[in-house]
Amino acid sequence: MNYTEQHIWELLTTIADPEIPVLSIVDLGIVRGVTLYPQANEQGFAGEIIITPTYSGCPAMDMIRLHINLAMTENNWPKLLVKQQLSPVWTTDWMTENGKKQLQAYGIAPPQGKAINETYLEDAVVPCPQCNSTHTTLISAFGSTSCKALFKCDSCQEPFDYFKCH
Amino acid sequence: MNIYWNQQWPAHIQYALFLADNALILAQQHSKWCGKGPILEQDIALSNIALDYLGQARNFYQLAAEELNQLEGVQFYTEDSLAYHRTDRNFVNLLLTELEQPNWGHCVLKTFLYSSFASLVFQKLMHIQAGELTAIAEKSNKELAYHKRWSQDWVIRLGDGTAESNTIMQQALNQIWPYAGECFIPANFETVFWQNHPSFFHELEKEWMDYLQTIFTEATLQLPAKQAWQTGGKQGIHTEQMGYVLAEMQYLQRTYPNSVW
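One line per chain: the protein sequences are A and B, in this order.
Take the first sequence: its position 159, counting from 1, is numbered 288 in my numbering, and each next residue is one higher.
Take the second sequence: its position 78, counting from 1, is numbered 1148 in my numbering, and each next residue is one higher.
Honestly, I wouldn't trust all of these hints.
To be verified - Computed cross-link-like contacts, DSSO-like style, restricted to lysine-lysine with a CA-CA straight-line distance of at most 27 Å: (1) B:K1194 x A:K243; (2) B:K1276 x B:K1296; (3) A:K230 x A:K243; (4) A:K281 x B:K1106.
Simulated from the structure, these hints should not be mistaken for lab results.
Start from the sequences and build out the full structure, keeping to the hints where you can.
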């Protein structure tokens, strides 16, 4: 079947981050480009997708690479070369508004404000994703995955993950 | 015979390996604490930091391998062969990174010294056109900001804590401090790499020492009296500890060479 770069972008919105299944890799902001070659190259790649890692040690990157080509195969589309590019550096500012809403609904507080170089998590006002109270306290700057910190809500007493600014 | 270190290699490749080795060895030492942290949240914090360093090491090794493979008449390198097939004499990491971490004070102090040092180096790398090296530095520096903040808080909390926590922190500082100077005493490959920025090492030492002094003062910790710095890591001459680190880290590849998942 015929397909365009737009079709591939749409397909990518169906691929979730393995560690945050409600967030697609497009909403997360890690897809930096999709290019189809005029014809398949000698390695058999029909085009390339450029992705950028959230954190240097993020173990999800290999999985995401695999999922992209699995999705291509399911559509009977040829394989694409998935390239990793570090610069410009990924930032939480690239996360879409849709992505932030989905994080919130899933129980993870989305990044508050813009990414800054020096981070003062202690001073951040992070509303509780359960009850929206702003009376919350940082428990630990490092959480269940590289991208999250652990907070607790002083109003409803629930602990929650916060996707920290980066 | 396979060659895993050659002083004739271009300085930027040796420099990438230096940055890779630092991150890998620190990641390895931090990883040993997984499951042993004082409380769950801090155990997770140190493991996360170890993971960041492992990721940074991979990026630097991949770059070094790619550049080495473009040289003429060399064997084929991969990130894995650079990490697992080199002996202690081929590793050029700072001695600081390989030191034992017998208690939590050592863990946070090593993280504090390394992250604040590396952060200054990476910021300077971001201001020169060093291609992919600059890109990795920019990426890593965001992670280091969190490590620096976390470890700085711990150094202050324990130093300016109880009499006992202060004693343990001061002992850790006394033991680790002789290894700090190596950070700003350049090896040949560093001098060549920074040759267009002759004031680099002087500025690095000044900025770093000023920052450390501020935090140690707040933490009520005393810097040990001036003494000779322990050096040698960047020349491949390591402490006794390095052999144990590599024996554990490289065990699988030494036992089953070139095995893959």
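For K1194 of chain B and K243 of chain A, compute the direct alpha-carbon distance and say whether it is at most 27 Å. Given pair K1194 of chain B, K243 of chain A holds - Cα atoms ~24 Å apart, limit 27 Å.
Starting from K281 of chain A, check that the Cα of K1106 of chain B is at most 27 Å away, please. Holds. K281 of chain A to K1106 of chain B sits at ~24 Å (cutoff 27 Å).
Take a quick look at whether K230 of chain A and K243 of chain A sit within 27 Å of each other, Cα to Cα. holds, 16 Å
K1276 of chain B and K1296 of chain B were given as a pair; does the straight-line alpha-carbon distance stay at or below 27 Å? The hint holds at about 15 Å.
Hint check: no violations occur; every hint is consistent with the structure.
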